[in-house]
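**Q** Here's the letter readout for the chains.
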Amino acid sequence: MVPLSYYLALSGFLFACGVTGFLIKRNIITIFMSIELMLNGVNLSFVAFAAQWHALSGQVFVFFVMVVAAAEAAVGLAIIIAVFRTRETLNVDRVNLLKL
Amino acid sequence: MLHLSIFLFFGAICAAGAVNLLVQRHPINSALSLIAVMVSLAVEYLLLGAEFVAAVQVIIYAGAIMVLFVFVIMLLNAGVEERIEGSRVAMILGIPGMLVGSALVAWVLLERSGTSSVAVGSLPGYPKEIAGLLFHDFLLPFEVTSVLVLIAIMGAVVLASHPDSETQQKKES
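Residue numbers (numbering that gives the first Met the number 0), protein chains in the order written: chain A, 0 to 99; chain B, 0 to 172.
The set of hints was computed from the structure by calculation and includes no laboratory data. Please read all numbers here as calculations on a predicted model, not as lab measurements. There's no promise every hint is true.
To be verified - Straight-line distance between alpha carbons at most 20 Å, and here's what the computed SDA-like set of lysine to any residue pairs gives:
(1) B:Lys127 x B:Val38
(2) A:Lys98 x B:Leu45
(3) B:Lys127 x B:Ala63
(4) B:Lys127 x A:Ala54
(5) B:Lys127 x B:Ile58
(6) A:Lys98 x A:Ala77
(7) B:Lys127 x A:Thr85
(8) B:Lys127 x A:Phe63
(9) B:Lys127 x B:Ala11
(10) B:Lys127 x A:Lys98
(11) B:Lys127 x B:Glu142
(12) B:Lys127 x A:Val82
(13) B:Lys127 x B:Leu138
(14) A:Lys98 x A:Val82
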């Protein structure tokens, strides 16, 4: 028997690490990986609550989140390749055409 | 007791991988630690009885998506990331604020959520039950998801296709 709060604490920790990486990282690929980390943290809390309340639909939602993450990764990495072709850099601080 | 120790062991690997993702400066090291996080999360899912989700986690996340990431890192020859000086206001206000916030959340989770605990494997997530739910109750979202994946494939092909032909035409005109 593992307390539900342990799962939620781990999930929250993963989400917080994802947010921190999103804010402090400067490489566009690492920022993208931080988003994946956030999605994983949310998935863990979905599965934990599904087991807690005996509702299998939580696991089905994890499946949907994974599909959306896969689609997002495919399109996002294509955008990263396009940005690298035009700007020749992966640093988000150098991608500043919209800045005044 | 055994289950708790397995949970703590893989939870520690998970947390260490997440911290390592933040600390590493080369994207390939971050990607490998993210794979460690995903595989240990799959073990946590297995501990909760979600067998299908655990298998999909390893196959899709640690397999397909992370291979895509590693491939792009290799393709673009991503080097060590440059560090910049953060703003001092963020350092002075942000770190104490983050500590207070996370301490508050941890206290609420550990003290105020009652003594509810999850029995190991209490909800068996066999593929059969998941499929019954997915193809009956969630049939419309499932079909919408397939359209989403189709659009994502087309978008990825259009965005990543080489623009040489267009630029040559512009130069000639």
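**Q** Each hint needs a verdict: does it hold in this structure or not?
**A** Each hint tested on the structure:
1. B:Lys127 x B:Val38: violated (23 Å)
2. A:Lys98 x B:Leu45: Not satisfied, since the Cα-Cα distance of roughly 47 Å exceeds 20 Å.
3. B:Lys127 x B:Ala63: Not satisfied, since the Cα-Cα distance of roughly 24 Å exceeds 20 Å.
4. B:Lys127 x A:Ala54: holds (15 Å)
5. B:Lys127 x B:Ile58: The given pair, whose Cα atoms are some 18 Å apart, holds under the 20 Å limit.
6. A:Lys98 x A:Ala77: The hint is violated at about 23 Å.
7. B:Lys127 x A:Thr85: violated (48 Å)
8. B:Lys127 x A:Phe63: holds (17 Å)
9. B:Lys127 x B:Ala11: This hinted pair is violated, its Cα atoms lying about 32 Å apart.
10. B:Lys127 x A:Lys98: violated (52 Å)
11. B:Lys127 x B:Glu142: holds (19 Å)
12. B:Lys127 x A:Val82: violated (43 Å)
13. B:Lys127 x B:Leu138: holds (15 Å)
14. A:Lys98 x A:Val82: holds (16 Å)
In this structure, the earlier hints numbered 1, 2, 3, 6, 7, 9, 10, 12 are contradicted, and the remaining ones agree with it.
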